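J.: Working from the sequences, and respecting the hints, build out all of it.
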Amino acid sequence: MLKMFPRTHITIAASVSVLVTAAVLMSPSSRVEANRVTYALDLEEGSLVKAGFVSSGITPQAPGSLKEIIKPETTSTQTGPSSTPATTLAMADAATQALPATDAATGVLAAGQAPTPVQPPQLQWQTFDIRSGDTLSSLFGKAGFDDGLMLSVIHGEGEAGKLQRLYAGETIRFATDEAGELTAVELQRDRLESLRISRTDDSFGGETVVREPDARPVFASGVIEGSLYVAAREAGLSDRVAMEMAGIFGWNIDFVYDVRKGDRFEVVYEELYLDGEKFGTGEILSARFLNRGEEVIALRYTDSNGDTDYYSPNGSSMRKAFLRTPINARVSSSFNLQRRHPVLDVVRPHEGTDYAAPPGTPIKAAGDGRVIFAGWKGGYGRTVILQHGENITTLYAHMSRLGRGIRNGSRVKQGDTIGHLGSSGMVTGPHLHYEFRVNGSPRNSRTVKLPDAKPVPKAELARFQRFAKQELAKFELFRGDDHQQLALASDE
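Read in order, the letters of the sequence shown are residues 1151 to 1642 in this note's numbering.
Everything labelled a hint here was simulated from the structure, so no lab data went into it.
Just to be clear, a hint being listed does not mean it is correct.
FRET-style restraints, in silico, Cβ to Cβ [unchecked claim]:
id : residue 1 : residue 2 : range
1  : 1452      : 1302      : 39 to 45 angstroms
2  : 1499      : 1539      : 20 to 26 angstroms
3  : 1364      : 1589      : 48 to 54 angstroms
4  : 1520      : 1319      : 34 to 40 angstroms
Keep in mind that this is a model prediction, so the values were computed, not measured.
Glycine is no exception: its CB is placed at the ideal position from the N, C-alpha and C atoms.
T.: Rendered as structure tokens:
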């Protein structure tokens, strides 16, 4: 049959067959080509590297498991005795688990996928409770560090120098890295405040961190049978809240002589929580006291300038320009211009009021003023005299010691501690002798009419009245609930 074709045709056909056969044998299948260049395994590093596609006619598969890309049949093009289907798939599995999902065409992390976070180095902490007699040097020594490093820390940036002020009861912690180098120091002053110092590139830097507790309003009430403090405890109030309530009403009520059996009180105050656990009390938000049938109400109000004080519902200040008494204590000797002196046994006017209390009890400034005398004054002993405005002075005598910073010419604010009760001078026992003078003449501090402090500013009055109406409604709401302690919902 071949004789029927010309020799030239047969030669051409044979040549074409040889070329086609050679081309088929030398070219791998499209599946093998595509899969061969899609991913490369770095056996030394144990990682998978994206290599891209060289065959433009093949559509890459969507990102996913390498098992969908490297299939057993594609591993038939072995490059060595170890390149078996089983080992190839095992390596693919390990590499897939080690890498986040990437886009098959670009090698970029797939949408929504975050890179694996780098774990911070593990720190080792040492904790020490600070006791009386401890020094910063001794604490650094206990932690294994010398004074040179201590000086580097306290001379660091920011508030690092505050580490030098240590108090018994605080806690200090030292953190070291894996190499044993000091990385951080933390001084826990209390549950809310801590000083944190961290190593920077070439030194240390410190900052004070203050946590804000969760304040929850609480309502409580009680009836006085003996004293305010006993009734307050029976109502579940702490001594601190009772003292603050006495201070708020102290300008209007003498809790030593004016309180009577059957008097009532109601108070809304804050309980403080940290991490869901109660750990203390905050401010008194509002309070009501019924004394001898007369109602006195105090509301804690913060004006638009951020100034806070207690006011009555009509906007007048609960404070007077002067405290009625500069110390929380009983009267041991009243104002009496005909009194016989207990030491000299002669009639000598007692131009002040004496208050008996334990030695060391703080004595408060009755009002804002300037110190015009601070020192020893004959039979008065250690004495402080304050000038208030142009015509009023107050005198505090028989102190055991003066308050910090109290000296001639210094300024004081109402409530500042100006000294501590003692028995200096001509006395028979520890007490405070307190005098109140107007234009140089003595007045009975317990009965003299005291000027009021500033009321709510007129520009704030409309805002205050809305606030007062809301606070008074709370008392009306809970007054009928048998005076039991109730939680109030926040207004937020």
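J.: None of the hints should be skipped; say for each whether it holds.
T.: How the hints compare with the structure:
no.	hint	verdict
1	1452 <-> 1302: 39 to 45 angstroms	44 angstroms, holds
2	1499 <-> 1539: 20 to 26 angstroms	25 angstroms, holds
3	1364 <-> 1589: 48 to 54 angstroms	52 angstroms, holds
4	1520 <-> 1319: 34 to 40 angstroms	37 angstroms, holds
When each numbered hint is compared with the structure, no violation occurs for any of them.
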